[in-house]
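Protein chains: 2
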Amino acid sequence: MSERDFHALFYPKTVVIQEAKEKIAFFIKGFKRQGFPLENLYLINSREQNLLGLKCYPSIDEIPIETIDYLIFAIRREKTIDSLNEILSKKKVKFIHIFTAGMGEADEIGSQIEKEIKNLLDKYPKTRAIGPNCMGVYCPRGKNAYYSSFPVESGTIGLIFQSGDLHSRMIKFGSRLYGLRFAKGISIGNTVDLQVSEFLEYFNEDPEIEIICVYFEGFSPLHEKEPKRFLETVKKVKKPVLFMRGGRTKRAQTAIISHTGTLASSQKIWSAIYKQTPLLEIPPSLEDLLDTTYMFKNYISRFKNGKNILFPQNKRVLIVLWSGGFGILATDTLTELGFKIPQFKKKALDELKKIYPLKIGSLSNPLDMPWITSKKAFVDITIKALEQGIDFLIIETDAWRNMEGEEFKNYYNNLKKIKEHVESSNKVFSIVLHQYPSSSREKFYSMLIKDNFLVYSTIERAARAFLKLLEYGKKVEKFT
Amino acid sequence: MSERDFHALFYPKTVVIQEAKEKIAFFIKGFKRQGFPLENLYLINSREQNLLGLKCYPSIDEIPIETIDYLIFAIRREKTIDSLNEILSKKKVKFIHIFTAGMGEADEIGSQIEKEIKNLLDKYPKTRAIGPNCMGVYCPRGKNAYYSSFPVESGTIGLIFQSGDLHSRMIKFGSRLYGLRFAKGISIGNTVDLQVSEFLEYFNEDPEIEIICVYFEGFSPLHEKEPKRFLETVKKVKKPVLFMRGGRTKRAQTAIISHTGTLASSQKIWSAIYKQTPLLEIPPSLEDLLDTTYMFKNYISRFKNGKNILFPQNKRVLIVLWSGGFGILATDTLTELGFKIPQFKKKALDELKKIYPLKIGSLSNPLDMPWITSKKAFVDITIKALEQGIDFLIIETDAWRNMEGEEFKNYYNNLKKIKEHVESSNKVFSIVLHQYPSSSREKFYSMLIKDNFLVYSTIERAARAFLKLLEYGKKVEKFT
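Sequences listed follow chains A and B, in order. Going by numbering that gives the first Met the number 0, the residue at position 143 of the first sequence is 142; the numbering climbs one at a time, nothing skipped. Going by numbering that gives the first Met the number 0, the residue at position 146 of the second sequence is 145; the numbering climbs one at a time, nothing skipped.
Keep in mind the hints are simulated off the structure, nothing from the lab. Treat the hints with care, since some could be wrong.
Which copy is meant is left open, so a pair is good if it fits within one copy or across any two.
What the hints assert, rightly or not - Derived lysine-lysine pairs resembling DSSO-like cross-links, with alpha carbons at most 27 Å apart:
| hint | residue 1 | residue 2 |
| --- | --- | --- |
| 1 | K22 | K408 |
| 2 | K442 | K171 |
| 3 | K249 | K358 |
| 4 | K171 | K449 |
| 5 | K22 | K358 |
| 6 | K91 | K54 |
| 7 | K224 | K415 |
| 8 | K375 | K418 |
| 9 | K442 | K22 |
| 10 | K249 | K339 |
| 11 | K374 | K418 |
| 12 | K358 | K117 |
| 13 | K122 | K90 |
| 14 | K352 | K249 |
| 15 | K303 | K418 |
| 16 | K303 | K90 |
| 17 | K249 | K345 |
| 18 | K54 | K90 |
| 19 | K474 | K408 |
| 20 | K249 | K383 |
Looking at chain A on its own, in the form it has when it is part of the complex (with noise of 0.2 Å):
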């Protein structure tokens, strides 16, 4: 096995639970969605029969066959290493998952549990694992899942994250609020064995992947040189890193040593290395994360493979609405994240002017246009509007109560035009629709997500998605 073949770990031919209890009946109905062959799943509990209708087996002995690929391990911290000392020398692992928690992230006992394992692995070279403390993997094309609420279709996204919870929000959320889907997604915890810088060199090679996430809190303190490794790697990744650091501030760090355990390093090392390395720092909160996500998948979504990637290269934005006070608050917000909000001339007010005589709102930016948003003039107007340097449109709009009328559908019908006239070129396009609970906008959002739409619930949102794309697009010219 090369050093970076995780084929087995995200596509295993065969799993065992260790010790398959009721509590974590999850991992199975995660399988169980996912479509995995049952028969392939073994699951040991040295007390029960069965677990939702499946076999388990009461040792480790009893199960026919030599190979594991997959092993999830969750059997409590005093009899780990003599548990893992069993299996190991009677099957061959390809990986394991330590689910176990309360290691080095608790006390120093733990931290002597963690030390045995990795002394334990270091005498099979062939067998590596992720943890412990750690939810494990998530590959739609494996068929590997650990929660039943995990999309079963695949994406172009990888996930390496040091936070089990962060790691099954980001997917829940992810899918649910922007339709995000998943090539890779592993929660590795306090990193005993496998590294972040394994799984990103891993991930940068892996052709699903388009861009990758990570959820990073700090180095193992048995791990000596990945910190070296891991700044090599950033460097050569070739794709997107949305990387979110707990542990900015001293009080988080000291938050972190009960967390994962891990070795939490300033953020003034930090801002050095995101100054010379692509990699993007997203700040410490999933939604930031969520969003950049979102903007980088909807815009890379339009290069085949995700290759010869044209960034948008300024800030200018052009404000849409049906809205004047929008209007000036939308210019307030953007102004002070440092868009430019062009000013037509008057040549360019003259054009538009000569498309449609607006009497009430304004054809400068910001476009309110009142009365006219199911009108051809609409899209027109729109896009005449972009000739003058836009890198960014904006529109912002609400829900529709009537969304079977004509009015509507030839709205729709705009944006759709305006969206692919967007899309010939580098620049964004993103609605903004404000979110509260009502049938009628959860409709109409689900309909423009659908739709591939890029939908942001406030303009702060997406101006900050936005200025990532940016930043990211600076990065790649200095860097590669």
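Following the hints, put chain B in place on chain A, whose structure we already have.
Relative to the frame of chain A, chain B by itself:
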């Protein structure tokens, strides 16, 4: 009529709409929805016999009343002066809502018409007007609303908005997202006659109003004395005024010219005003205004008639969740926003451990308490931890798939007990429930809102709103 008697505006006995057309039928629907007695609603339309089942009068002469409390005036600008002249010479009108747009915000001709309106009104001192270029009045107790989507229930919030659309959305989004209810709202547009300061004075004395929200763009060029009067008024206001100003940036000030045509002023002047008065500056984002209003409303509702309010004094936060990763992110986010996240001393930690000897997770702040959310220990630990000098409690949670089972019911009761405990102090308790489309999430969210929990969709939004409450508390100390 005393200068500040706006009773007939908010609680009109007689309403006339001139010219009542299909395009503005929303006005009629608004009155209908609120239960306004339709026999007191008079429509003028020279071409149609009726509209939405209501009789139309061919002209003002046919209207069988002498006094009009509230006239909604929607005649195109060219005919505005003649038409107003005719009406005022024939009827006694208390308040006119000049809906007509395309005035001072449009061009020089529009500005000229505004001057003529003012000159005309000066001849009728008993007639006051809002607008032009505005949506008008919302007052559920007066059965007065311009959209049928506005709630019929009254509340404690007052709105003074220089944008009709923002005014409408504040009511729509606020009621649906946070269950907010409003006592009175007014969209006043270009302020040719009635000024922001006059409504501020009125709302300050209105016993139904506890919180005042203002969206401000600029002073009318026709009212030189208004800036001074405004400043004097805000110095005296005894209620929280959440003040969102469009035009913080020069670029937005340019856009204001084509929105309300009022005189925008520099952020420097306003920074000085915020320092010298209890006015609370809200960033240029409707979400920020909604979030802050909700925080104030929720907090103030603990105090009878919104009087003798004790505000929180510090920003020490306790985070409770079931997710190590989110705990780290929350710690970073809150620390970067200036919050303190007290670390518990050994004695306190021992006391918490005595309540429940948690093996997985963490009993130091953030409290990461897996598996025990439905146990009594969850409440006991939280309340004990609150004793460690805490001002703001955030419980971060997610939707429950099974909301019928005992586990959820116990959890929900736990949240209620914690809420009750917190509300006996001047601490604040917010739940963070991330937003994504999901029926169980929606159901849980509705329950929480109905039961007056304070729920935000992100840590950051909760935190920003809390900081405004804190800031206002310090202003109260300083100015009142």
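Going through the hints against the structure:
1. K22 <-> K408: So K22 and K408 pass the 27 Å test across copies only (20 Å; inside, 49 Å).
2. K442 <-> K171: both (19 Å within a copy, 17 Å between copies)
3. K249 <-> K358: For K249 and K358, the Cα distance is within 27 Å only across copies (25 Å; inside one copy 56 Å).
4. K171 <-> K449: Both ways: K171 and K449 sit 17 Å apart in one copy and 26 Å across, limit 27 Å.
5. K22 <-> K358: Answer is between; shortest inter-copy Cα gap is 16 Å, intra-copy 66 Å.
6. K91 <-> K54: Answer is within: at 22 Å inside a copy they meet the 27 Å cutoff, but 88 Å across does not.
7. K224 <-> K415: neither (51 Å within a copy, 50 Å between copies)
8. K375 <-> K418: within (14 Å within a copy, 53 Å between copies)
9. K442 <-> K22: Intra 36 Å, inter 26 Å, cutoff 27 Å: inter-copy only.
10. K249 <-> K339: between (35 Å within a copy, 12 Å between copies)
11. K374 <-> K418: Within. Shortest intra-copy distance 16 Å satisfies the 27 Å Cα cut-off; inter-copy 51 Å does not.
12. K358 <-> K117: between (74 Å within a copy, 23 Å between copies)
13. K122 <-> K90: within (14 Å within a copy, 99 Å between copies)
14. K352 <-> K249: between (56 Å within a copy, 25 Å between copies)
15. K303 <-> K418: For K303 and K418, only the intra-copy Cα distance (18 Å) is at most 27 Å; the inter-copy one is 53 Å.
16. K303 <-> K90: neither (43 Å within a copy, 71 Å between copies)
17. K249 <-> K345: Intra 53 Å, inter 20 Å, cutoff 27 Å: inter-copy only.
18. K54 <-> K90: Answer is within: at 20 Å inside a copy they meet the 27 Å cutoff, but 88 Å across does not.
19. K474 <-> K408: neither (41 Å within a copy, 51 Å between copies)
20. K249 <-> K383: For K249 and K383, only the inter-copy Cα distance (25 Å) is at most 27 Å; the intra-copy one is 50 Å.
The structure shown violates the earlier hints numbered 7, 16 and 19.
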